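Trainee: Residues per chain are reported as follows:
4 protein chains.
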Amino acid sequence: MNKFVIIPNLTKDKKLETTKLIVDWLEKNDCKICLPAQIANYINKQQYSCSESDMYNNADCAIVLGGDGTILNAARNLIKYDLPILGVNLGNLGFLAEVEKKDALSTLSKIIKGDYYVQRRMMLDVKRLINDKEDLIGVALNDIVIARTSISRMMKYSIYVNDGHVNNYSADGIIVSTPTGSTAYNLSAGGPILDPKNEMMVITPICPHTLMSRSIVLSKNDVVKISLENNRKSWNDDTMITIDGQESFNIDQKDKIIISNSYKSAKLITCNKNGFYTILKKKLGNC
Amino acid sequence: MNKFVIIPNLTKDKKLETTKLIVDWLEKNDCKICLPAQIANYINKQQYSCSESDMYNNADCAIVLGGDGTILNAARNLIKYDLPILGVNLGNLGFLAEVEKKDALSTLSKIIKGDYYVQRRMMLDVKRLINDKEDLIGVALNDIVIARTSISRMMKYSIYVNDGHVNNYSADGIIVSTPTGSTAYNLSAGGPILDPKNEMMVITPICPHTLMSRSIVLSKNDVVKISLENNRKSWNDDTMITIDGQESFNIDQKDKIIISNSYKSAKLITCNKNGFYTILKKKLGNC
Amino acid sequence: MNKFVIIPNLTKDKKLETTKLIVDWLEKNDCKICLPAQIANYINKQQYSCSESDMYNNADCAIVLGGDGTILNAARNLIKYDLPILGVNLGNLGFLAEVEKKDALSTLSKIIKGDYYVQRRMMLDVKRLINDKEDLIGVALNDIVIARTSISRMMKYSIYVNDGHVNNYSADGIIVSTPTGSTAYNLSAGGPILDPKNEMMVITPICPHTLMSRSIVLSKNDVVKISLENNRKSWNDDTMITIDGQESFNIDQKDKIIISNSYKSAKLITCNKNGFYTILKKKLGNC
Amino acid sequence: MNKFVIIPNLTKDKKLETTKLIVDWLEKNDCKICLPAQIANYINKQQYSCSESDMYNNADCAIVLGGDGTILNAARNLIKYDLPILGVNLGNLGFLAEVEKKDALSTLSKIIKGDYYVQRRMMLDVKRLINDKEDLIGVALNDIVIARTSISRMMKYSIYVNDGHVNNYSADGIIVSTPTGSTAYNLSAGGPILDPKNEMMVITPICPHTLMSRSIVLSKNDVVKISLENNRKSWNDDTMITIDGQESFNIDQKDKIIISNSYKSAKLITCNKNGFYTILKKKLGNC
Numbered sequence: 001m002n003k004f005v006i007i008p009n010l011t012k013d014k015k016l017e018t019t020k021l022i023v024d025w026l027e028k029n030d031c032k033i034c035l036p037a038q039i040a041n042y043i044n045k046q047q048y049s050c051s052e053s054d055m056y057n058n059a060d061c062a063i064v065l066g067g068d069g070t071i072l073n074a075a076r077n078l079i080k081y082d083l084p085i086l087g088v089n090l091g092n093l094g095f096l097a098e099v100e101k102k103d104a105l106s107t108l109s110k111i112i113k114g115d116y117y118v119q120r121r122m123m124l125d126v127k128r129l130i131n132d133k134e135d136l137i138g139v140a141l142n143d144i145v146i147a148r149t150s151i152s153r154m155m156k157y158s159i160y161v162n163d164g165h166v167n168n169y170s171a172d173g174i175i176v177s178t179p180t181g182s183t184a185y186n187l188s189a190g191g192p193i194l195d196p197k198n199e200m201m202v203i204t205p206i207c208p209h210t211l212m213s214r215s216i217v218l219s220k221n222d223v224v225k226i227s228l229e230n231n232r233k234s235w236n237d238d239t240m241i242t243i244d245g246q247e248s249f250n251i252d253q254k255d256k257i258i259i260s261n262s263y264k265s266a267k268l269i270t271c272n273k274n275g276f277y278t279i280l281k282k283k284l285g286n287c
Numbered sequence: 001m002n003k004f005v006i007i008p009n010l011t012k013d014k015k016l017e018t019t020k021l022i023v024d025w026l027e028k029n030d031c032k033i034c035l036p037a038q039i040a041n042y043i044n045k046q047q048y049s050c051s052e053s054d055m056y057n058n059a060d061c062a063i064v065l066g067g068d069g070t071i072l073n074a075a076r077n078l079i080k081y082d083l084p085i086l087g088v089n090l091g092n093l094g095f096l097a098e099v100e101k102k103d104a105l106s107t108l109s110k111i112i113k114g115d116y117y118v119q120r121r122m123m124l125d126v127k128r129l130i131n132d133k134e135d136l137i138g139v140a141l142n143d144i145v146i147a148r149t150s151i152s153r154m155m156k157y158s159i160y161v162n163d164g165h166v167n168n169y170s171a172d173g174i175i176v177s178t179p180t181g182s183t184a185y186n187l188s189a190g191g192p193i194l195d196p197k198n199e200m201m202v203i204t205p206i207c208p209h210t211l212m213s214r215s216i217v218l219s220k221n222d223v224v225k226i227s228l229e230n231n232r233k234s235w236n237d238d239t240m241i242t243i244d245g246q247e248s249f250n251i252d253q254k255d256k257i258i259i260s261n262s263y264k265s266a267k268l269i270t271c272n273k274n275g276f277y278t279i280l281k282k283k284l285g286n287c
Numbered sequence: 001m002n003k004f005v006i007i008p009n010l011t012k013d014k015k016l017e018t019t020k021l022i023v024d025w026l027e028k029n030d031c032k033i034c035l036p037a038q039i040a041n042y043i044n045k046q047q048y049s050c051s052e053s054d055m056y057n058n059a060d061c062a063i064v065l066g067g068d069g070t071i072l073n074a075a076r077n078l079i080k081y082d083l084p085i086l087g088v089n090l091g092n093l094g095f096l097a098e099v100e101k102k103d104a105l106s107t108l109s110k111i112i113k114g115d116y117y118v119q120r121r122m123m124l125d126v127k128r129l130i131n132d133k134e135d136l137i138g139v140a141l142n143d144i145v146i147a148r149t150s151i152s153r154m155m156k157y158s159i160y161v162n163d164g165h166v167n168n169y170s171a172d173g174i175i176v177s178t179p180t181g182s183t184a185y186n187l188s189a190g191g192p193i194l195d196p197k198n199e200m201m202v203i204t205p206i207c208p209h210t211l212m213s214r215s216i217v218l219s220k221n222d223v224v225k226i227s228l229e230n231n232r233k234s235w236n237d238d239t240m241i242t243i244d245g246q247e248s249f250n251i252d253q254k255d256k257i258i259i260s261n262s263y264k265s266a267k268l269i270t271c272n273k274n275g276f277y278t279i280l281k282k283k284l285g286n287c
Numbered sequence: 001m002n003k004f005v006i007i008p009n010l011t012k013d014k015k016l017e018t019t020k021l022i023v024d025w026l027e028k029n030d031c032k033i034c035l036p037a038q039i040a041n042y043i044n045k046q047q048y049s050c051s052e053s054d055m056y057n058n059a060d061c062a063i064v065l066g067g068d069g070t071i072l073n074a075a076r077n078l079i080k081y082d083l084p085i086l087g088v089n090l091g092n093l094g095f096l097a098e099v100e101k102k103d104a105l106s107t108l109s110k111i112i113k114g115d116y117y118v119q120r121r122m123m124l125d126v127k128r129l130i131n132d133k134e135d136l137i138g139v140a141l142n143d144i145v146i147a148r149t150s151i152s153r154m155m156k157y158s159i160y161v162n163d164g165h166v167n168n169y170s171a172d173g174i175i176v177s178t179p180t181g182s183t184a185y186n187l188s189a190g191g192p193i194l195d196p197k198n199e200m201m202v203i204t205p206i207c208p209h210t211l212m213s214r215s216i217v218l219s220k221n222d223v224v225k226i227s228l229e230n231n232r233k234s235w236n237d238d239t240m241i242t243i244d245g246q247e248s249f250n251i252d253q254k255d256k257i258i259i260s261n262s263y264k265s266a267k268l269i270t271c272n273k274n275g276f277y278t279i280l281k282k283k284l285g286n287c
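Protein chains in written order, with the UniProt record's numbering: chain A, 1 to 287; chain B, 1 to 287; chain C, 1 to 287; chain D, 1 to 287.
One should not assume that every hint holds.
If chains are identical, the list can't say which one is meant, so a pair holds when it fits in one copy or spans any two.
Unchecked claim - Listed next, the in silico DMTMM-like pairs over lysine to aspartate or glutamate satisfying Cα-Cα at most 20 Å (straight line):
#  : residue 1 : residue 2
1  : K197      : D222
2  : K220      : E199
3  : K282      : D163
4  : K32       : D115
5  : K80       : D115
6  : K110      : E199
7  : K281      : D222
8  : K3        : E134
9  : K127      : D252
10 : K3        : D24
11 : K197      : D54
12 : K127      : D60
13 : K197      : D132
14 : K273      : D163
15 : K197      : D125
16 : K273      : D222
17 : K45       : D103
18 : K225      : D132
19 : K281      : D163
20 : K127      : D222
To be clear, the hints were calculated from the coordinates, so they are not data collected in a lab. Computed from a predicted structure; not experimentally measured.
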């Protein structure tokens, strides 16, 4: 790899100092560099300014500087370019960034020598089913959440897997998570951890009114359908579907939501095969 | 007891049929009856129409017809009158209603003979602390919930008990519940069941980001303080405090919220000392 | 299918009445029948008495009469014959039996017409690692549990996945479960439900001392290693490994336990593709 | 306070070095010292050797050196003497020890000046009910656990509170815990934290087979009865009742176990009113 595009989070990379550091290093190491125009101007490296399509079509790797949110956002934006991402963490300890800021340059020197892995991370397609037509809403790397935004949070929904009825739920909402997202909202809501290299999904109800509700883990081939049709009376047009905690859409009570494995996946660069459990131990504590 | 006020939920008591049934029975049994003017007109019993203060000051008992929500609402409204409540259930199985519709008259005949208990249920005062002055927001029979209404639900807060720092939390919100409310939202969020005849309170975080968060049970003498002061950046004016899931107030990030045992309590009429566990078994299932 | 072996649970099939009923039906329908000698004698059908190897090598299907325990036991015993099992439930509602007693004959008439599916269920090999040599202890259809039998239950262990260290645990024990076993002990210990048609496994600690412990779901290709090496002082020779809750073995504190997908699997006959969720709803209740 | 008895854990206080340090300090500060004969001999301070009754009847305070287990044991042993305990921690971070070893002397200098609190900790009486006669088995400061010691752990039992039936359970066992014990086994089994200065108790099932089982918090006035009568078939004489994880007794399936607030309580010396939450934060982590 020697063609890099850099995507910094402007709030997290103060004065773009880390961006500059990496640009300098890449220059010294004879790498090709692409920067969004705005960033190139800001650090006075206009020679590296690229158009979006140039940037992503020609690069070998996107270096994303920020926290887990920045990387989630980049992963969804880069889907169509199939570009591997190296996450450099500028926030709190996260699950998606491969390296801490202080180790960014030493990791880059491994990467340009070819000493790295590309880990594929399963993504989920979320579609709205209207009059038997499926309409793609988006693709999630972490999770898809259906919940209400009003104070009265309780909603009713039915879950189907491959058209077989699983159960009816009364809950604050529902999370359908990828392995990557299993350590995010799914974990807060009581769900299990899924090793992120695997291809599975997990359905976790949020604050279920019925105590007997548990997370259900499905294979990548299963198709989940969520139907909201029992909420007629209390429907308030405040039910939202949220992708990766970042993109939200109103849904109608007549909508059925279809969630399934995407044929696209995110590609994360890592130098450390067991990195996930190392982060997990740090996050969760080690007894 | 022979002076009764009747408070029906107009949506649940269709055509006020149960109200009429009870009025007829009370008439036959020489009881005094008070009805809100609107109800008296509707069922054409204007002779029982009372003003609110007359109604509540002179009655021995309020017969509340509806579900748990109707009774919660009545209990808060009746606080200043210290009037015992008989809940007649017109909804799904609930925890607060003493009798099902079909058993209402047989229960009333016990009650007019004095064959009943009055169970005191602890309530919680919730106050806003502004510039060291405490301002009473309301009184809860079930619970006080602090949460956000936006899609991004995560909030940070600190809990203090009697001014000692308990912990910082990152969570979707927090519930402070009475024993009565312990089987409501608290249970959905993973909290324990508190026998409702007791005087205690329980703090339960909603979807805590930190796995080590558990419910904490306090005595009635403990004072809980919740401080939101760490949310500066992400503050969106969408944080709400909700009482019994029914009354909501915006709170400011500089507010501190004080929750403590109220010197007032709700009085529920029951004929069955172990009724709570009987309902619990029905609700939760019996193995 | 028309060659059947029948394996009844003698305590559950009182006087072998269900066995007789099925034998009669199979006779009338021109099926070949094999019975263990003891059973053939008991019901006076010596003509169907078979040796074990004859029985299992020549049959198309084993009809197992009993509860989940009976079927688990049969599944492990039949591993080497690769024989599909039809479970007829004579106990409480179970997850493994395909039909209730009253529906046994109507299900058999579907089966002899070819109207059925064979569902493969993943099994787990459990091996002891002694001086770098792996020694197969057994094969589990439900789960492998490591725990102590004394009153002082707490034990320490380390988990590795594919030789990467996951975490150290202090807990009452550990469960490694197949999808089939996920609704058994794993569920009691707080683990998630895994759709049994999938190939995954789940590690769930039993009463972990460390609150941050959660179930971890792995793919069928992952290899789990459990090491007990930190228990020197408190070791009491009371640590056991148990397969499907039925077979137990003492383990030594120097042992390392290796758990991985077995190349063998159980084959369960079903006429109902969504049967699992139907049973789950009955077991867990439907809101 | 100036009369101290010292109770060291011989395995944790290596060569009794901390004991010697404290004895020296108490001598210099003109305190009266009592030591068990064995300890007095070991450190060659025979002049402080006391008989058990002398020791406990005349002292103002027992200094207990060890971990939580040592203090639990001492608390039960000292019940009849009503002697306050100062716990000096020689183990891992614990909930019962007031001070770490390094702070023992500075804490003692506060205590001899009267600068301390005595915190009463509720204890639980556990009785066996045989032919309607109650037989006291023991008194617990942490918890009472009923469980089986065999590999097949599942047992059935019924819980009654004040003779009202709560529910039937299928589980690995049951914990009835004091507030002090709520952070021990109760927490591992999913129970809530009870502020230890309160007088309450909590019932927590261990790995309940029925998902709808939750912890139930009772007041100090409630009497819990546990009945095992449904286990006829599978009874194996392996069911044990364990007090504070330290004392075990076999129980018979015809036994009913009665658990109630003891009129005795443990007295723990503390210099820090909010010490509990400080320890909790250290133990559980702070986000």
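Trainee: If a hint holds in the structure, say so; if it doesn't, say that too.
Mentor: Here is how each hint holds up against the structure:
no.	hint	verdict
1	K197 x D222	both (18 Å within a copy, 10 Å between copies)
2	K220 x E199	both (5 Å within a copy, 11 Å between copies)
3	K282 x D163	between (40 Å within a copy, 18 Å between copies)
4	K32 x D115	within (18 Å within a copy, 63 Å between copies)
5	K80 x D115	neither (25 Å within a copy, 45 Å between copies)
6	K110 x E199	neither (28 Å within a copy, 35 Å between copies)
7	K281 x D222	between (30 Å within a copy, 19 Å between copies)
8	K3 x E134	neither (38 Å within a copy, 47 Å between copies)
9	K127 x D252	within (13 Å within a copy, 37 Å between copies)
10	K3 x D24	within (14 Å within a copy, 72 Å between copies)
11	K197 x D54	neither (30 Å within a copy, 45 Å between copies)
12	K127 x D60	neither (31 Å within a copy, 44 Å between copies)
13	K197 x D132	neither (33 Å within a copy, 28 Å between copies)
14	K273 x D163	between (37 Å within a copy, 11 Å between copies)
15	K197 x D125	within (18 Å within a copy, 22 Å between copies)
16	K273 x D222	between (27 Å within a copy, 13 Å between copies)
17	K45 x D103	neither (23 Å within a copy, 59 Å between copies)
18	K225 x D132	within (13 Å within a copy, 47 Å between copies)
19	K281 x D163	between (38 Å within a copy, 15 Å between copies)
20	K127 x D222	within (14 Å within a copy, 32 Å between copies)
Of the numbered hints listed earlier, those contradicted by the structure are 5, 6, 8, 11, 12, 13 and 17.
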